[in-house]
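Peer 1: Top line first, the protein sequences correspond to chains A and B. For the first sequence, our numbering assigns the number 1 to the initial residue and increments by one for each residue that follows. For the second sequence, our numbering assigns the number 1001 to the initial residue and increments by one for each residue that follows.
Careful: at least some of the hints might be erroneous.
[Unchecked claim] Cross-link-like lysine-lysine pairs, in silico, DSS-like; alpha carbons within 27 angstroms at most:
id, chain 1, residue 1, chain 2, residue 2
1, B, Lys1455, A, Lys101
2, A, Lys346, B, Lys1060
3, A, Lys262, B, Lys1351
4, B, Lys1411, B, Lys1237
5, A, Lys346, B, Lys1136
6, B, Lys1386, B, Lys1025
7, A, Lys314, A, Lys253
8, A, Lys332, B, Lys1253
9, A, Lys253, A, Lys90
10, A, Lys262, B, Lys1314
11, B, Lys1060, A, Lys351
12, A, Lys351, A, Lys431
13, A, Lys351, B, Lys1237
14, B, Lys1262, A, Lys351
15, A, Lys25, B, Lys1136
16, B, Lys1333, B, Lys1050
17, B, Lys1253, B, Lys1090
18, A, Lys10, A, Lys60
19, A, Lys386, A, Lys237
20, A, Lys60, B, Lys1060
21, A, Lys332, A, Lys358
22, B, Lys1455, A, Lys136
Hints in this document: simulated from the structure, not taken from any laboratory.
There are 2 protein chains.
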Amino acid sequence: MAIELKGLTKRSENYSQWYNELVVKADLAEQSAVRGCMVIKPYGYAIWEKMQQTLDSMFKETGVQNAYFPLLIPKSYLCREAEHVEGFAKECAVVTHYRLKNDPNGTGVVVDPDARLEEELIIRPTSETIIWGTYKNWIHSWRDLPILINQWANVMRWEMRTRMFLRTAEFLWQEGHCAHATAEESQARTVEMINIYARFAQDYMAMPVIQGVKSANERFAGALNTYTIEAMMQDGKALQAGTSHNLGQNFAKAFDVTFANKENKPEYVWANSWGVSTRLMGALIMTHSDDNGLVLPPRLAPIQVVIIPIYKNKEQLDKITATVLPIMDELKKAGVSVKYDDADNKRPGFKFADYELKGVPVRLVLGERDIENDTVELMRRDTLEKENVPLEGIAQHIEQLLEDIQANIYKKALDMRQSRTYVCDSYEDFKARIDGGGFFLCHWDGTTETEELIKAETKATIRCIPLEGDKTPGVCMVTGKPSAQRVIIARNY
Amino acid sequence: MAIELKGLTKRSENYSQWYNELVVKADLAEQSAVRGCMVIKPYGYAIWEKMQQTLDSMFKETGVQNAYFPLLIPKSYLCREAEHVEGFAKECAVVTHYRLKNDPNGTGVVVDPDARLEEELIIRPTSETIIWGTYKNWIHSWRDLPILINQWANVMRWEMRTRMFLRTAEFLWQEGHCAHATAEESQARTVEMINIYARFAQDYMAMPVIQGVKSANERFAGALNTYTIEAMMQDGKALQAGTSHNLGQNFAKAFDVTFANKENKPEYVWANSWGVSTRLMGALIMTHSDDNGLVLPPRLAPIQVVIIPIYKNKEQLDKITATVLPIMDELKKAGVSVKYDDADNKRPGFKFADYELKGVPVRLVLGERDIENDTVELMRRDTLEKENVPLEGIAQHIEQLLEDIQANIYKKALDMRQSRTYVCDSYEDFKARIDGGGFFLCHWDGTTETEELIKAETKATIRCIPLEGDKTPGVCMVTGKPSAQRVIIARNY
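One chain only, chain A, in its complex shape:
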């Protein structure tokens, strides 16, 4: 039996509270003194770093290079693209002054009224505008294209209701911004990037996702089309985990970015942008974790194996350590990250609970009897199953086990999603069942009116028009009008 962790709310009792508590108890993040902004703690940041490294090399394999653009955007830039300003200019952090001075009426400092900026600057909510303002000077001829650039950065959106990782005023992300000579190339890149996100979600996060296109309502402000990956959390709600936008020529027109094509005629440049953020941390937590704490996929776990010695005196510990060290060497050589926790100021029971809480995929426990028997007690975090395994060949055993765990938690999440995905043809039925969560495959007439009606009446939205699967036409479950194919409707984070 796993030791039950005191104080973590059960998912079945209050899923939302379970999540909030887990983020803090597993040492991933905490609220900061600044409204809506979080502190990402070392253990949480180590997971994010693994995500970053993996995504970064996936991007680079496709020819993308990193660069860095300014944090602050002139207010007038945001207004250049009509839809974009509606989507982003409203709730944002505005820099109006560049100096403080000693308070003439007391202690402390006040804003110096003489240091008012001529034009206010906005902390980037996303960087299309500043980047396309820059690309204008980089692009002259078709020879300058494509430009395939990504940036790892912080961004701010002054959200009213925030939740750690899922929706914070400041968050970390990557934003790719590509410029192409043709619409076809830009569309191909838009799809290529959502494919990469899907592959990352599935292969590394062990999180099954559905790829699809957003309805007009849910599209990025300024995009022709938004591609998305949608995942199902354990409460049956959808989480948008990554998006890739085909921006057409909208930003090129807004910033007057043209190139001389092969016929030497000026043409507007074609654009796309794509991003994932620290929101993925929220998705990771909510996909796999359980009432004992985090369950991390081995490929993203900062510590893959923890080894805990059970001993009564230094002599016993030395004997155990002598056995452990060569195992650690072997594991490290195989690229497995391993931690030996021989700290003597914490009891084994505390350590067990703590590493369970932190989602370390494999735990080894070694006592004197194990050494005598040439065995070790091994527990896998995903199932909490324990077994005694021979020390001989333990490294290979663990390597295989880590792969099994990775595959198993993926399958578990996929099974969960499949068991909670419903084909639904009646709006009455839909309304009766939506409180129970899940993905509903429904026919929809393609209008914003119907979409908004569904949202107003049920708080559910069209998550995406899936790219794969059944494409049979039908009739809208709300209006009875023709529908091109089923879409996924769900409540969402």
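Starting from the known structure of chain A, arrange chain B on it as the hints suggest.
Peer 2: Structure of chain B alone, referenced to chain A:
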């Protein structure tokens, strides 16, 4: 003979202009639309990424972990530490509002006066305050210490005069913030980190540095002591390349961070902080580059070897390519980054000049005759020397050559610094010679008055009190008062 690059000012004509032009022409960075903020272009960012990766693993080897703290700092936080607020609160970006709205009198958007923040937020100029405000909740007992945390982040200081990489309003950096139970431990960590910076500068940037302690005047605002590494640029000016601050208990007192020591008595926590920034890019450029462009140390060069084919037709190119591919494989296996530039829309002469400009350490040129002779023309960027070398064993030859170049440019920079470091005992002599640049080893009476006099009269400052070298006491060259040891005085960036 190397092809002379058109349009790059010579160092001897105008060093400052040479630098500004080189940053742009070598595609490292450019000015953005936001005053004092730059865009770091992919080639420049690739060098920065190599710096980051190297430093990051050096930090982690000493037990440091990464984390992330908020971008915005409540105004009141800055005022908690008296010296700190004087140093940082004055020239900074101030967020006063969190919303824009459509302009009621026309088009565009204006700041919504109803969305004024109760307390203004400052874009971090450095994060001691927000981090120590956070550590207060993390530290209770000696068991919680040490905390060894680093953050990679952007920061802003509203500098009046900016220069790309050297002094920009926004810049990228890392800032380490450690908390310790004893003054000794904190001091040891302060020194450990400046040692790491020195090792990085010397072993990776091939940049000799002098380690020393700052005078009170040049100390970090809020520190007991600031350690620095100082490098000499080719114009004889000093550049402060990294600093490590022993903060004593100042920030713990300002934020009331205490811990129960082993005797269970409350004690203030001991702090240090340490950082390097994209300023290192400026140092790298100015240490090695020449009138033909960048000279990059092989260990930080994004492309270490470029191969350029010389051909008249496809048949010739195919033959060359067939020879090149196995060489590339061999180099890649040895961890050498290599680029084969067979683009047919640029002439070889253009490519030669371009890769010289970008500082690629080794260039191979292959034509038909080379293939017949089983040789290749090799040029090393540091000396611009060419030689014909056998294709047989070329990969090993290059591996060795890259090490030679790394060592050679270090030696060149060290020789330059030594030839321009002067022992000087007369203030008159000093004043006569300071315009010529260089490091002056002078006796100083240790007072701020004398330091400020020197600065006012000569624009030179005390760069540091060196840790190594001659420690013989003497008399101040300005006042004739006693001096504990010689210090380094120079003009600086």
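Peer 1: Would you list, in rising numerical order, the hints stated earlier that this structure does not obey?
Peer 2: Numbers 7, 8, 12, 13, 18, 19, 22, in rising order.
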